[in-house]
Amino acid sequence: MKLVIAIIQDEDANILTDRLTEEKYGVTKLATTGGFLKSGNTTLIIGVAKEKVNEVIDIIKDECSTRKQIVTSPTPTVGTTGIFVPYPIEVTVGGATIFVVDVDQFLKY
Amino acid sequence: MKLVIAIIQDEDANILTDRLTEEKYGVTKLATTGGFLKSGNTTLIIGVAKEKVNEVIDIIKDECSTRKQIVTSPTPTVGTTGIFVPYPIEVTVGGATIFVVDVDQFLKY
Amino acid sequence: MKLVIAIIQDEDANILTDRLTEEKYGVTKLATTGGFLKSGNTTLIIGVAKEKVNEVIDIIKDECSTRKQIVTSPTPTVGTTGIFVPYPIEVTVGGATIFVVDVDQFLKY
Ligand code: NI
Ligand code: NI
Ligand code: NI
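Chains as they are written, first to last, in the working numbering: chain A, 1 to 109; chain B, 1 to 109; chain C, 1 to 109.
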């Protein structure tokens with residue numbers, strides 16, 4: 001038995017937990033406050049049989065892939081006309097940090 | 001030293017943490033959001049000497065036993081008389097998922 | 001790779017996470033509810049290379065040292081004059097509980 005601890009972005013949390021649940025993995029979502037570097041992350045802990053660890057990692061990679069996203073800058077700059085114009089910027093979202101830890105003893109009842 | 005990670009139902013959390021504290025175990029309660037399968041669960045982490053792990057597991061089993069509970073259905077059905085009548089349903093509450101993890105190094109100061 | 005799990009007081013959390021981030025450690029802050037013994041604690045998980053564990057522990061000790069603090073008692077007692085007078089009391093704040101756990105597999109993408 002292994003414990004997979006995955007730190008992912010909030011916006012990927014629901015899709016990932018739904019997918020893991022469909023595939024019969026037991027997932028617990030921890031409230032993660034104030035990721036200061038990447039704000040808005042979620043920590044999942046997933047108990048998983050040793051031989052299923054790679055499958056779980058593949059699912060996390062699939063659902064939490066890093067990708068570029070165009071967002072509108074939250075603080076509009078003043079354009080040459082003197083009017084505030086929001087402008088689009090490209091940000092990287094998604095990604096995951098995964099720790100796999102060995103489990104001495106596992107009980108569920 | 002071992003780390004016991006216990007995922008239990010919210011309603012058992014206070015009784016269990018009180019009991020563990022009385023018996024001098026150090027417990028930390030993590031806010032667990034949106035257990036989607038079992039909504040409303042709490043994750044406890046308990047640092048415990050190797051030879052005390054079974055005692056802690058026994059306490060968790062004692063305080064978080066699975067049991068049947070009669071609840072009134074939240075969405076009343078329409079009775080034959082045309083009146084909405086809430087009806088009692090039996091649900092299983094309690095239970096725990098427990099992971100025991102080996103600790104390399106433990107410090108408290 | 002090791003996982004350092006540190007339970008510290010809320011008031012030390014920002015300074016510690018800032019310091020660890022400056023020194024390029026990846027920190028995740030978990031919301032910890034209702035520490036019943038020490039109310040208001042925070043749990044940090046820090047993924048760290050084996051040879052850096054002692055450095056991280058030193059940083060935690062430095063930023064979360066136990067120290068005495070004079071606080072005004074929250075429930076003022078009635079003085080001899082019959083007037084409620086707040087009085088200063090000395091409390092111990094700070095400190096940390098640290099678990100270091102071995103990591104089987106570590107991924108970041
Ligand atoms: Ni997908
Ligand atoms: Ni009992
Ligand atoms: Ni300092």
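Source of the hints: derived by calculation from the structure; they are not laboratory data. There could be a bad hint or two in this list.
Said to hold, decoys possible - Below, a sample of chain A positions facing chain B; criterion: calculated Cβ distance under 7 Å: (1) T28; (2) L30; (3) A31; (4) D62; (5) T66; (6) V103; (7) F106; (8) L107; (9) Y109.
To be verified - Quick list of in silico lysine-lysine cross-link-like pairs, DSS-like style, CA-CA up to 27 Å: (10) K68(A) <-> K24(C); (11) K50(A) <-> K61(B); (12) K52(C) <-> K50(B); (13) K50(C) <-> K2(C); (14) K68(B) <-> K2(A); (15) K2(A) <-> K50(C); (16) K52(C) <-> K2(B); (17) K61(C) <-> K2(C).
Ideal placement from N, C-alpha and C gives every residue a C-beta, glycine not left out.
The hints, checked one at a time:
no.	hint	in the structure
1	T28	holds (5 Å)
2	L30	holds (5 Å)
3	A31	holds (4 Å)
4	D62	violated (19 Å)
5	T66	violated (24 Å)
6	V103	holds (5 Å)
7	F106	holds (6 Å)
8	L107	holds (4 Å)
9	Y109	holds (6 Å)
10	K68(A) <-> K24(C)	holds (24 Å)
11	K50(A) <-> K61(B)	holds (25 Å)
12	K52(C) <-> K50(B)	holds (26 Å)
13	K50(C) <-> K2(C)	holds (6 Å)
14	K68(B) <-> K2(A)	violated (31 Å)
15	K2(A) <-> K50(C)	holds (20 Å)
16	K52(C) <-> K2(B)	holds (22 Å)
17	K61(C) <-> K2(C)	holds (18 Å)
The earlier numbered hints that this structure contradicts are 4, 5 and 14.
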